[in-house]
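Asker: Residues per chain are reported as follows:
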Amino acid sequence: MAAAALVLANSAMAADTGQAFTLKNGMKVIVKEDHRAPTVAHMVWYRIGSMDEVDGTSGVAHALEHMMFKGTKTLKPGEFSQRVAALGGRENAFTSKDYTAYFQQIEKSRLAKVMALEADRMQNLVFDKAEFEKEIRVVMEERRWRTEDQAMGLVHEALNATAFVAHPYRRPVVGWMDDLQHMTVQDAKNWHDRWYAPNNATLVVTGDVDAKAVFALAERHFGKIPAKALPVTKPQQEPPQRGVKRVTVKAPAENPYVVLAFKVPALRDVEKDNDSHALDVLAAVLDGYDNARLGARLVRSERVANSVGAGYSGTARGPVLFVLDGTPAQGVTTQDLEKRLRAEVERIAREGVSQEELERVKVQLVAGQIYKRDSVFGQAMEIGSIEMSGLSYTQIDRIIEKLRGVTAQQVQDVAAKYFGDDNLTVATLVPLPISEKKAAPPTGMRH
Amino acid sequence: MKRILLVLLTIVVLPQARAALDIQSWNLPNGARVLFVENHSIPILDVSVEFDAGARRDPAAKAGLAALTNQMLAHGIAASQGGNGQMTEPALSEAQISDALADTAAQHGGSAGVDRAGVTLRTLSSPRERDAALLLIARMLAQPSFPEDILNRDKARAIAAIKEALTKPEAIVGKAFMRTLYGSHPYALEATEASVGAITHDDLVAFHRSHYLADHAVVAMIGDISRDQADAIARQLTMRLPASAPGSSLPALPRVEPIAATEERIPHPASQAHILTGAPALARGDPDYFSLVVGNYVLGGGGFVSRLTREVREKRGLSYSVYSYFNPLAQEGPFQVGLQTKKDQTDQALQVVRQTIAAFLRDGPTEQELKAAKDNLIGGFPLRIDNNRKILDNIAAIGFYRLPLDYLNTWTANVAKVSTSDIRGAFKRKIAPERMATVIVGVEK
Chain C
282 MAAAALVLAN SAMAADTGQA FTLKNGMKVI VKEDHRAPTV AHMVWYRIGS MDEVDGTSGV
342 AHALEHMMFK GTKTLKPGEF SQRVAALGGR ENAFTSKDYT AYFQQIEKSR LAKVMALEAD
402 RMQNLVFDKA EFEKEIRVVM EERRWRTEDQ AMGLVHEALN ATAFVAHPYR RPVVGWMDDL
462 QHMTVQDAKN WHDRWYAPNN ATLVVTGDVD AKAVFALAER HFGKIPAKAL PVTKPQQEPP
522 QRGVKRVTVK APAENPYVVL AFKVPALRDV EKDNDSHALD VLAAVLDGYD NARLGARLVR
582 SERVANSVGA GYSGTARGPV LFVLDGTPAQ GVTTQDLEKR LRAEVERIAR EGVSQEELER
642 VKVQLVAGQI YKRDSVFGQA MEIGSIEMSG LSYTQIDRII EKLRGVTAQQ VQDVAAKYFG
702 DDNLTVATLV PLPISEKKAA PPTGMRH
Chain R
14 MKRILLVLLT IVVLPQARAA LDIQSWNLPN GARVLFVENH SIPILDVSVE FDAGARRDPA
74 AKAGLAALTN QMLAHGIAAS QGGNGQMTEP ALSEAQISDA LADTAAQHGG SAGVDRAGVT
134 LRTLSSPRER DAALLLIARM LAQPSFPEDI LNRDKARAIA AIKEALTKPE AIVGKAFMRT
194 LYGSHPYALE ATEASVGAIT HDDLVAFHRS HYLADHAVVA MIGDISRDQA DAIARQLTMR
254 LPASAPGSSL PALPRVEPIA ATEERIPHPA SQAHILTGAP ALARGDPDYF SLVVGNYVLG
314 GGGFVSRLTR EVREKRGLSY SVYSYFNPLA QEGPFQVGLQ TKKDQTDQAL QVVRQTIAAF
374 LRDGPTEQEL KAAKDNLIGG FPLRIDNNRK ILDNIAAIGF YRLPLDYLNT WTANVAKVST
434 SDIRGAFKRK IAPERMATVI VGVEK
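If you read the protein sequences in the order shown, they are chains C and R.
Numbering (our numbering) for the first sequence: 282 to 728.
Numbering (our numbering) for the second sequence: 14 to 458.
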């Protein structure tokens with residue numbers, strides 16, 4: 282298997298890793314050529330997200346993202362989308378804790394036109410009070426849809442609000458409902474004035490383009506936009522946790538659910554942060570393929586859960602969590618499942634992992650590098666999100682190499698080191714019946 | 014004169030259906046149908062094998078059988094003679110199948126929809142990984158062992174998921190909508206605690222034997238292999254499958270009957286009401302297909318620029334998401350308009366939606382809207398086929414629904430031909446307010 286993995290790695294490396302260029306105003310441009318099909322992914326990433334908000338205006342990063350479609354000095358509200366649509370484009374935007382990103386997918390000859398549109402709304406956005414007041418109602422509907430009426434959404438919101446007390450990751454990206462109800466058009470405008478600048482943005486273009494031509498286009502469209510002096514934000518580091526934290530959420534649902542979040546190291550230095558790489562491999566050993574440990578034991582063999590999961594992503598601007606979660610099987614309590622999930626990590630801490638499991642996980646990693654090349658958009662997403670975390674897109678392949686170098690001993694060591702009580706937060710869903718009588722005849726399986 | 018000139022110019026600058034997609038198709042001696050696109054740009058292979066084995070083939074009292082049969086394919090393989098009759102192939106457990114797939118880095122998926130069911134595979138094209146993964150897929154399609162014990166476990170999990178869905182407004186509304194649209198037609202079938210509870214090992218064996226048949230198989234492939242290799246792979250994937258009994262075929266399904274206008278309101282404690290309105294409308298291969306696709310772009314398909322989004326979201330801030338679409342199936346699949354809104358806005362939002370639909374049915378799109386729709390659909394066509402995954406989805410549908418092999422290569426030309434009166438006529442034939450059902454979940458009690 283080791284030999285096969287080596288061969289695969291070589292063919293993965295044959296792909297272009299991308300080229301970067303920085304405009305005089307500080308805007309970074311990253312281009313990855315991929316000539317398989319005549320299409321392009323065009324993304325502008327701003328390194329500004331909900332973690333940069335302050336109390337009382339939570340959700341403003343996301344509300345501003347909505348306002349970016351509401352007109353500029355030369356475009357009427359909605360005209361941005363009409364123009365992209367007329368170019369045959371697909372578009373959207375998304376806001377996270379760490380960043381806000383805008384994208385279009387287009388046939389390659391339309392690149393210059395969507396670039397002009399993005400450059401326009403970086404500097405010429407207008408803020409109409411009436412438009413804002415309609416749009417903030419849309420945002421509140423989005424919050425109801427994603428969070429208020431979703432048991433899982435409420436549990437994860439409560440988890441973050443409990444795990445973090447000082448760090449802004451405690452606030453939901455969409456914002457608290459009360460903050461949305463009191464948000465003003467001026468809040469949104471202030472956000473754009475402060476943070477939307479070329480020196481806070483990264484342009485990522487992947488697909489059937491010539492990198493030099495894209496740099497020239499970027500210079501033409503974004504090069505004239507002046508840089509801004511960006512405000513300095515306080516670090517707001519999370520103080521050490523001193524014992525287990527627990528939170529319970531009651532919401533309409535049938536099955537209970539439990540999620541355990543351990544505070545663990547993030548990936549800040551690809552060469553030195555070997556614990557982060559080992560945690561990544563640990564997550565894959567637990568839940569990286571169909572027959573990985575958690576599912577094999579807790580769902581398939583012992584049947585104490587209907588579903589289980591493990592997750593870790595070390596790339597973030599702020600502190601990161603290693604998450605274990607699951608829905609217990611009938612007759613099993615969330616307390617039991619919590620113990621069983623932790624017991625699987627403890628088993629690794631005690632007994633280690635097999636060479637076979639380790640190889641299996643690494644083969645997936647290497648193949649994933651090849652499979653990802655099927656999607657030009659996925660490659661742009663990967664580049665943008667790693668850049669926003671503070672690492673460089675040039676380290677993507679190096680991270681894979683480091684992961685492949687992780688030993689069974691390192692996995693065992695991190696399993697022993699980071700999964701005690703003191704850094705743990707547990708959130709539990711207590712299901713509430715929706716009525717005494719069922720509202721409708723039973724519904725079907727989701728296909 | 015000027016106007017005519019503009020029209021000609023518009024036609025000239027439309028992107029041509031560039032680099033036509035070359036779909037090769039042939040039938041195997043066992044009756045399996047093969048569709049293949051050769052593409053060596055990355056060293057991977059994507060495969061799907063599908064059958065007329067979707068939920069519409071469920072027995073009414075055992076709804077969920079098609080999905081469970083499909084899911085259980087990967088949970089045990091019986092021992093057998095090799096395909097060439099010489100060597101014996103060992104039985105494989107669920108864990109052995111998963112580990113073997115993981116060792117080749119293959120990504121396997123099951124799929125059980127309304128009409129079709131089957132498996133998909135993404136594998137590296139290097140022979141060692143590819144051959145190992147394909148052999149597993151070929152065996153799981155033909156030799157599932159359906160272990161009783163695992164069946165009981167998966168039934169329990171399915172029932173837990175069914176009960177969970179019963180608490181979710183989006184799931185409740187979807188199921189109630191299909192029941193109202195399809196009545197006693199199998200498209201209305203829904204798996205329940207009782208129907209899944211009633212399913213036995215023998216049911217799975219019988220369903221598998223009568224639906225996973227070589228002469229019903231549609232094998233779609235795209236990737237880094239030659240035509241000869243594709244042929245050999247298709248043979249390998251289907252050679253273990255049984256053939257239909259001579260002269261037999263699957264039972265004909267009842268007609269989809271038109272519905273009357275109805276409105277159902279179901280209480281739910283959620284803060285938003287979930288609303289669906291629509292009707293059975295469009296079968297695959299219908300001559301109105303392109304008129305409806307282009308027209309629906311204007312009405313509710315075109316993301317941020319559709320009439321529904323403009324009226325409901327942009328002008329009034331009533332919903333985050335509002336859309337319409339046609340889901341073409343083997344028989345008349347649903348036309349569906351959906352949205353969610355704060356409960357006390359339900360009637361207002363519903364009125365706006367109904368007025369928007371009524372105005373569209375009465376007047377159709379404007380010439381300007383038609384042009385905008387064509388600009389987007391034609392200009393964006395390359396995005397529909399710009400990776401292996403998307404191409405596989407397209408050719409699998411072409412194969413299963415017997416669409417013309419040049420379906421993709423004539424797609425933009427067919428869109429370009431549609432006129433405003435075509436759209437008006439097509440919508441009038443398929444949709445009428447007096448034949449639309451509405452379901453609202455989340456009304457106050």
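Among the clues, some could well be false.
[Unchecked claim] On the chain R side, residues computed to face chain C include the following (Cβ under 7 Å):
id : residue
1  : Leu137
2  : Ser138
3  : Pro140
4  : Asn165
5  : Arg166
6  : Lys176
7  : Ser332
8  : Gln349
9  : Gly393
10 : Leu396
11 : Asp399
Treat the hints as calculated values from the structure; they're not laboratory data.
Glycine residues also receive a C-beta, built at the ideal position from the N, C-alpha and C atoms.
Asker: Give a verdict on every hint.
Answerer: Hint-by-hint comparison with the structure:
no., hint, in the structure
1, Leu137, "6 Å, holds"
2, Ser138, "9 Å, violated"
3, Pro140, "11 Å, violated"
4, Asn165, "9 Å, violated"
5, Arg166, "6 Å, holds"
6, Lys176, "4 Å, holds"
7, Ser332, "6 Å, holds"
8, Gln349, "16 Å, violated"
9, Gly393, "4 Å, holds"
10, Leu396, "6 Å, holds"
11, Asp399, "4 Å, holds"
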